[in-house]
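J.: Here is what each chain is made of, one letter per residue.
2 protein chains.
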Amino acid sequence: MLHLQFDNISAKKVSLLHGISEARLRRFCEKNQTLVDTVFKSKTKAGYHFLALPDAKSTVAKVKKFVASQTKAGWKHIVLLGIGGSALGPLAVRDALISPFAKTAKLHVLDNVDPAFASDVLDNIPLAKTLFIVISKSGTTTEPMALYAVVKERLQKKFPKDYQKHLVFVTDPKNGLLREIAKAENIITFDIPPKIGGRFSVLTNVGLLPCALAGVDIGGLLKGARMMRESLKKNKGFYNVALKLAAVQFLLDQKKGKSMTVLMPYSNHLFRIGDWYRQLLAESIGKNRWSGPTPINALGTTDQHSQLQLYNDGPNNKLIIFMRVLKPAKDLKWGNVLPDEIGFLNHKKMSQVIDAAYQGTSQALTKHKRPNLTIEVPKVDAASLGALFMLFEFEIALLGQLYKVNAFDQPGVEHSKKITKKLLMNL
Amino acid sequence: MLHLQFDNISAKKVSLLHGISEARLRRFCEKNQTLVDTVFKSKTKAGYHFLALPDAKSTVAKVKKFVASQTKAGWKHIVLLGIGGSALGPLAVRDALISPFAKTAKLHVLDNVDPAFASDVLDNIPLAKTLFIVISKSGTTTEPMALYAVVKERLQKKFPKDYQKHLVFVTDPKNGLLREIAKAENIITFDIPPKIGGRFSVLTNVGLLPCALAGVDIGGLLKGARMMRESLKKNKGFYNVALKLAAVQFLLDQKKGKSMTVLMPYSNHLFRIGDWYRQLLAESIGKNRWSGPTPINALGTTDQHSQLQLYNDGPNNKLIIFMRVLKPAKDLKWGNVLPDEIGFLNHKKMSQVIDAAYQGTSQALTKHKRPNLTIEVPKVDAASLGALFMLFEFEIALLGQLYKVNAFDQPGVEHSKKITKKLLMNL
Numbered sequence: 001m002l003h004l005q006f007d008n009i010s011a012k013k014v015s016l017l018h019g020i021s022e023a024r025l026r027r028f029c030e031k032n033q034t035l036v037d038t039v040f041k042s043k044t045k046a047g048y049h050f051l052a053l054p055d056a057k058s059t060v061a062k063v064k065k066f067v068a069s070q071t072k073a074g075w076k077h078i079v080l081l082g083i084g085g086s087a088l089g090p091l092a093v094r095d096a097l098i099s100p101f102a103k104t105a106k107l108h109v110l111d112n113v114d115p116a117f118a119s120d121v122l123d124n125i126p127l128a129k130t131l132f133i134v135i136s137k138s139g140t141t142t143e144p145m146a147l148y149a150v151v152k153e154r155l156q157k158k159f160p161k162d163y164q165k166h167l168v169f170v171t172d173p174k175n176g177l178l179r180e181i182a183k184a185e186n187i188i189t190f191d192i193p194p195k196i197g198g199r200f201s202v203l204t205n206v207g208l209l210p211c212a213l214a215g216v217d218i219g220g221l222l223k224g225a226r227m228m229r230e231s232l233k234k235n236k237g238f239y240n241v242a243l244k245l246a247a248v249q250f251l252l253d254q255k256k257g258k259s260m261t262v263l264m265p266y267s268n269h270l271f272r273i274g275d276w277y278r279q280l281l282a283e284s285i286g287k288n289r290w291s292g293p294t295p296i297n298a299l300g301t302t303d304q305h306s307q308l309q310l311y312n313d314g315p316n317n318k319l320i321i322f323m324r325v326l327k328p329a330k331d332l333k334w335g336n337v338l339p340d341e342i343g344f345l346n347h348k349k350m351s352q353v354i355d356a357a358y359q360g361t362s363q364a365l366t367k368h369k370r371p372n373l374t375i376e377v378p379k380v381d382a383a384s385l386g387a388l389f390m391l392f393e394f395e396i397a398l399l400g401q402l403y404k405v406n407a408f409d410q411p412g413v414e415h416s417k418k419i420t421k422k423l424l425m426n427l
Numbered sequence: 001m002l003h004l005q006f007d008n009i010s011a012k013k014v015s016l017l018h019g020i021s022e023a024r025l026r027r028f029c030e031k032n033q034t035l036v037d038t039v040f041k042s043k044t045k046a047g048y049h050f051l052a053l054p055d056a057k058s059t060v061a062k063v064k065k066f067v068a069s070q071t072k073a074g075w076k077h078i079v080l081l082g083i084g085g086s087a088l089g090p091l092a093v094r095d096a097l098i099s100p101f102a103k104t105a106k107l108h109v110l111d112n113v114d115p116a117f118a119s120d121v122l123d124n125i126p127l128a129k130t131l132f133i134v135i136s137k138s139g140t141t142t143e144p145m146a147l148y149a150v151v152k153e154r155l156q157k158k159f160p161k162d163y164q165k166h167l168v169f170v171t172d173p174k175n176g177l178l179r180e181i182a183k184a185e186n187i188i189t190f191d192i193p194p195k196i197g198g199r200f201s202v203l204t205n206v207g208l209l210p211c212a213l214a215g216v217d218i219g220g221l222l223k224g225a226r227m228m229r230e231s232l233k234k235n236k237g238f239y240n241v242a243l244k245l246a247a248v249q250f251l252l253d254q255k256k257g258k259s260m261t262v263l264m265p266y267s268n269h270l271f272r273i274g275d276w277y278r279q280l281l282a283e284s285i286g287k288n289r290w291s292g293p294t295p296i297n298a299l300g301t302t303d304q305h306s307q308l309q310l311y312n313d314g315p316n317n318k319l320i321i322f323m324r325v326l327k328p329a330k331d332l333k334w335g336n337v338l339p340d341e342i343g344f345l346n347h348k349k350m351s352q353v354i355d356a357a358y359q360g361t362s363q364a365l366t367k368h369k370r371p372n373l374t375i376e377v378p379k380v381d382a383a384s385l386g387a388l389f390m391l392f393e394f395e396i397a398l399l400g401q402l403y404k405v406n407a408f409d410q411p412g413v414e415h416s417k418k419i420t421k422k423l424l425m426n427l
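Order-wise, the sequence lines are chains A and B.
Residue numbers for the first sequence follow this note's numbering, so the first one is 1 and each next one is one higher.
Residue numbers for the second sequence follow this note's numbering, so the first one is 1 and each next one is one higher.
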């Protein structure tokens, strides 16, 4: 299970100006256990419904059955057409669990209407060996629908009689444009539960279907999420890690001027979780001028050579959340290869080098009074990912209550969409 | 040539609370033309030496000669071992100009000591067809040297007589550990000019060699940089785009509370420029508690479905810099494919869709009083990239003077390195 290490946000370590005393954090968590209770009580309500997702064993069974039915088609490429939550969740899972050199079907995610980017993929993969997954709840999302237009035209031209075979829709169970098209043209569909918003959808068919097709253990994802949920139910107040994380982020932002949250895994495989979390935090909490810490993605050790100068010496306005992998999937070692000047690097394992770098950075930041905390991930597997998703989604549901905003809408993106639509209508 | 559009940072558009009046910006630029003059006068000094790099035609000739000499080796993989500036520049160029489906040698960048990530690459590419480029000025950078240890051991085991054939070093012309190893073991080397820091090195052999091996027109990179430099020499005060950009960023940060700079290209191919710029800005200017805007990377339209809610409605503390590509490398179009409800998307080109989305977002942000500006890129080619590199490097040299910090050192990363070294020594 995940372990969270909060030592380096304490006033004792980083001063009262930049940190929080343990007593205060304890009181704050105890007082706000009611927010945790509210989440569990609201489990079947819109937004909060993400809590129930890990129980959907029938969804897993249906996906697995579909994946098995597709083996004879021998897909070499799975192309996901989707954007926002429909892309960032699957990308986080793919990059964490599937090697780019794997022999399984390759999962491409087209999450942009950049013509150069999209045609690069669409012109280079063999249509005959490709399954396209179109993801949109309403079927009116501009990006996937524009991409779908290109793909459908190409498929119909090449396979006039059975182009449908190359298409799967993930959409609302009853309503919306994709649902209508699917009915009219006899295309296989998978449901998105109606009470779930895009950024909370990774543990629905949105994440499960593409990842299963690419070879991910989707049962493990749900199992990890379930275990985390149970732990959040059992452990209360100061001992509830989602509440503690939310409390730290809220207090550091509102009381100590830490208006940015950096998510910095020491693991390339976990890097994309940062992109997924950026949407989760930004869209859920960024609602008014006093509410909305800015999420930032970073990668250790890579960003030690890019961002660390700023984090250590620049304005003290960030909370750094490290992720540390305790047991890497593979390791590398070497003998007496390097000259004496850097002889301390000889006879090492690479896992020791990255872990020492994590410790060096965390200790240096603490010495510079920069609050930081660490999520220890036992290993990068489906269960850990599922646990991370649940932890962060739960945390956001709490942050919404702390900031007194609706964590489940996103009114601030509508204006841009309207102008875009008007411009396209007049072309 | 690049064109910069500053309309949406004006007080007229986004209010005096969040924008700058044209008169003030004009006065500020005219007063600070002296900073531009200082950069040109300091051309041969440490740090400022980046200005002279585009003239290094002999470097290009030497690289091209080497590339030609390697054709008979038939490398299928080029693996770069480097971190920070040694990785982010080459990655930005690679992702902008080379399709992942290209038939040329594939450029892999190992910029982390993550054992799972590194072994994924090293265990899956055929050593016999791989050339490794080790980049470190001193030869003591932990990450590339640890990776080099693994690679050298494997190469020596597999090719005991001529493992050197698979290695090239890019390092200091005279000093340092890689230089010593190269001499002792007869390994081909390329120089990094001694007066150039890592984050300003993309137009040296650091960027040129790996990119040329992967098929990039490196002459075009330098030509674009030269053209930008000449334009920055000729156009003064309010008409100097680097000065205007620096002025806007500085004034918005210091006077209007825009402590974050978001770089948001509407182009997947330009996305990695954001990573390169993050290091450039963060390491150069992040020097003390009142100096250091935080750089953030984003991608249009993708991040409209992730960050935009926060940018539009959250705290008004960001400057958004868009990049807009006027002519995409390829385009996609379609006919009457979609149902009437989204019929406005029919008979469109994808370039129209992404451009309408850019306009919608830029207009919506402006309406919400969020200052934003746009860099128009005529097309994504080597010359445009070279121009972007020069523009941003020059801007940073000006920002250093405005913030009164040394833009060319990075003392804040040493502490972490020391602790890391001590930890590894005691293992």
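Any given hint could be a false lead.
One copy or two, it doesn't matter: identical chains are merged, so the pair holds either way.
[Said to hold, decoys possible] Cut-off 35 Å, straight-line C-alpha distance, at most; resulting in silico cross-link-like pairs (DSBU-like, lysine-lysine):
# : residue 1 : residue 2
1 : Lys333    : Lys422
2 : Lys13     : Lys255
3 : Lys418    : Lys76
4 : Lys76     : Lys348
Don't read these hints as lab results, they were simulated from the structure.
J.: Taking the hints in turn, state whether each one holds.
T.: Cross-check of the supplied hints:
{"no.": "1", "hint": "Lys333 x Lys422", "result": "between (59 Å within a copy, 19 Å between copies)"}
{"no.": "2", "hint": "Lys13 x Lys255", "result": "both (17 Å within a copy, 32 Å between copies)"}
{"no.": "3", "hint": "Lys418 x Lys76", "result": "neither (38 Å within a copy, 47 Å between copies)"}
{"no.": "4", "hint": "Lys76 x Lys348", "result": "between (39 Å within a copy, 30 Å between copies)"}
Hint 3 from the list above is the single one not met by this structure.
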